[in-house]
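As you go down the protein sequences, you meet chains A and B in turn.
First residue of the first sequence? That's 142 in the numbering used here, and the numbers climb one at a time after it.
First residue of the second sequence? That's 669 in the numbering used here, and the numbers climb one at a time after it.
Simulated from the structure, these hints should not be mistaken for laboratory data.
Where hints are given, some of them may not hold.
[As the list claims (entries may be wrong)] Ranges between beta-carbon positions, derived for each pair:
#1 A:T498 with B:Q959: 19 to 29 Å
#2 B:S685 with A:P293: 41 to 51 Å
#3 B:D907 with A:I447: 38 to 48 Å
#4 B:Q959 with A:I435: 48 to 58 Å
#5 A:L342 with B:D907: 35 to 45 Å
#6 B:R747 with A:V451: 50 to 60 Å
#7 B:S954 with A:T249: 17 to 27 Å
[Stated by the list, open to error] Here are a few chain A residues that sit away from chain B, every Cβ distance over 12 Å (derived from the structure):
#8 L210
#9 L334
#10 E346
#11 P446
#12 I447
#13 I453
#14 P475
#15 P482
#16 A507
Every value quoted in this text rests on a predicted model; they were computed, and no experiment measured them.
Yeah, the Cβ is synthetic: ideal placement off N, Cα and C, and Gly gets one too.
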Amino acid sequence: MRSIEAFAVFASLAYAAASSAQTNDGNFRGWGYYVDATAPRAAAMGGAFVAVTDDASCLAWNAAGLTTLTKTDLQAGVLERGSGSLGSGDIAQAQSAAGFVGGGGKLTKTIAFGAFLMQPHALDIDLQGASGTSGFLRTTVTDGGFALAWSPLRALHLGVRLNVTHLEAQGEYLQTASGAGIGASQASAQSKLTGDAGVLLRVGEEASLGFSFTQGARWDASRLSESLGGGAVSRQAFQISSPSTLRGGAAFRPAPRLLLTAEADYVFLARLGDTFLPVLQPARHGDYLLQSGIEARAGVEVSFPIRSAVSIQVRGGLESQAPAAFAFVGQGLPSGGSPFPGDPRRTVMTVGAGIETRAVHVDAAAALLGMRTVLTAGAGVRF
Amino acid sequence: MTAALSLMIASELVVRSLQVAPASLDKPVRIEVPAGQSTRVVLPEAAVGVKYSPGAREHLGLRLVAVRPLGIVCFLPPRHPSKGTIAFRGTSLHVVFAVETVERGQGSEIHLTLAPDGPAPAREKIPKAWEPEPAKDSASRPGPPEAAQATDVREGGASLSVIDPVSEAGGSGEPPAPAEALPSAMPLVSEAAPLGRSPSMDLSAFLAAEAKRIDRSEGLAGQRRCTLAYLYVPKAQADTRLWLKFFLSKGGLDHLDAVEASWGEVGEVVANPVDKDLMVLLQVTSPEIHQKRAWVELRFARAGRYRFTSITSPSVESSFKSLLGVGH
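Turn these sequences into a full structure, and let the hints steer you where they fit.
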């Protein structure tokens, strides 16, 4: 009971001073900053969307695309994350959430505005495996903000995005298998402001090149731990981080009915390791490794306009996801610690479809073969 | 033919015939037009391309009356002396007129006919006068010293000239920026565009109108994009006519089948290939287009239908106004 009371205390410590990134508590052993495409059209095309034009969901990838909108575009969707297995063997629980909600339009011929709300990351981990170890970790990141884009030339589009990114995190880890056992809990509820920027170059009407930088965030969190044998309660501050991402890609429309996209993202995952906090000892900072990685994406969209009234679209894509979870590379596990096995590179296949009229479009997508299946659906109006 | 015949019948001008040997068409045909009088020149066939020298439109009072089934151009020179050249590319012939004003005289209608002593040159052998000529050719060409140059058709005071449809240059799929250089001339009506209604369009008023860039695009996913590129507004406030210029991206080989509007059919239409695009020019009136929930729909043979519910530049403000059916 005493430990439960202690766990309740840390909720008031959400805004403790920052000192370091995630901890080596066992409930972080499979955790990674997994990001899902929240807009169905982008999700269906493997997330290769940084160079795609005339779609308000570009707000999630490259705000510069706003000035390519031919109409005001408002979208809203839902997201269903299925259950899945992490590299640690722990289970990610199924979750439902709102998908991409946002829209944009031109204020003048060369300036466009957009606003958005989305939940790019959500992970609800239940620890599995060895007896004597239990716990959970829930992290949810909600992004919201607005963007401005400017097109100084017909072929050049520039965009900036201000993003208020909010983390809700709660975790608990109990290790009773060794010695007196330990209990640790973590919590965070904090918003941070980040800035993103993007460039889009149109090469004729058929092709475009897109580049963007999405800034990561570090949220302050607190950890409360105690020895289950009656030891003192200790409080520590740490940080939970999301990586910055540099994106570059191209979109090419060889025929009106066919759109091909490709994108390479450099994800600064190593940044998360800079402030990794090995709270369980003995352990060194360098014992936990996470390297930055490249994520390759490709997508295709085929459209079938019918009698100039309706257009049916079929989409597909592939995505190579960089390992996002820390791996323990030290000599021996710390006392009360769990192995951090790391995360394999995953190839995700995406499929989707859409139907649009002159003013309304409805889209759906599924991301398959990844850590878990992610379904997205949404609708929008263009006017 | 009916439209052109009706124009001729309605004309009270003295009709004259100008017979030219096909073999002599490589030289300019000299025409004198009296200042302050209307002189109408009727070609023996449809005009698919036209090009005139700088200032000819203003100095000679040039106005294109019809392009199909016969090309008809009218001169009303405001003052003497003035001169210029105008080159027609017909469906089978090419002829350059060297036009000079005379101080006195009576207006007339000149019917150009080909002398029967030789066949008209085959089309593929006709020199493409609408293409920019090398400097040395321009220097050696007879006629007025000024080189025939057209001004920008798509911006401001547009000329009658448009781009050669067989040109491989351009083809951007969207209207070029106003500052872009354009080829010197283009045909006025595509042979592929089955629209015979253009004679009723007042092109001279259109040419004098002020251009406003719109850039409003329509088209479903998978359709070619059709863009309302420009709105032309007459400078005279009493003139309620407006001209809408559209471009169907990569639609140069397409056909405009029909144009409809919420108030009925739009009769004043010109359709021309421009680069790889198809340009469509509509003449409407301000009261029509500014009706609540007014729309214009273009129907192309291959690309399908495109409905425009607003003639303003796309913006959040105009989007909501369009949604509410106000503020076109």
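Please write out, lowest number first, the hints stated earlier that are contradicted by the structure.
-> Hints 2, 8, 10, 11, 12, 13 not satisfied by this model.
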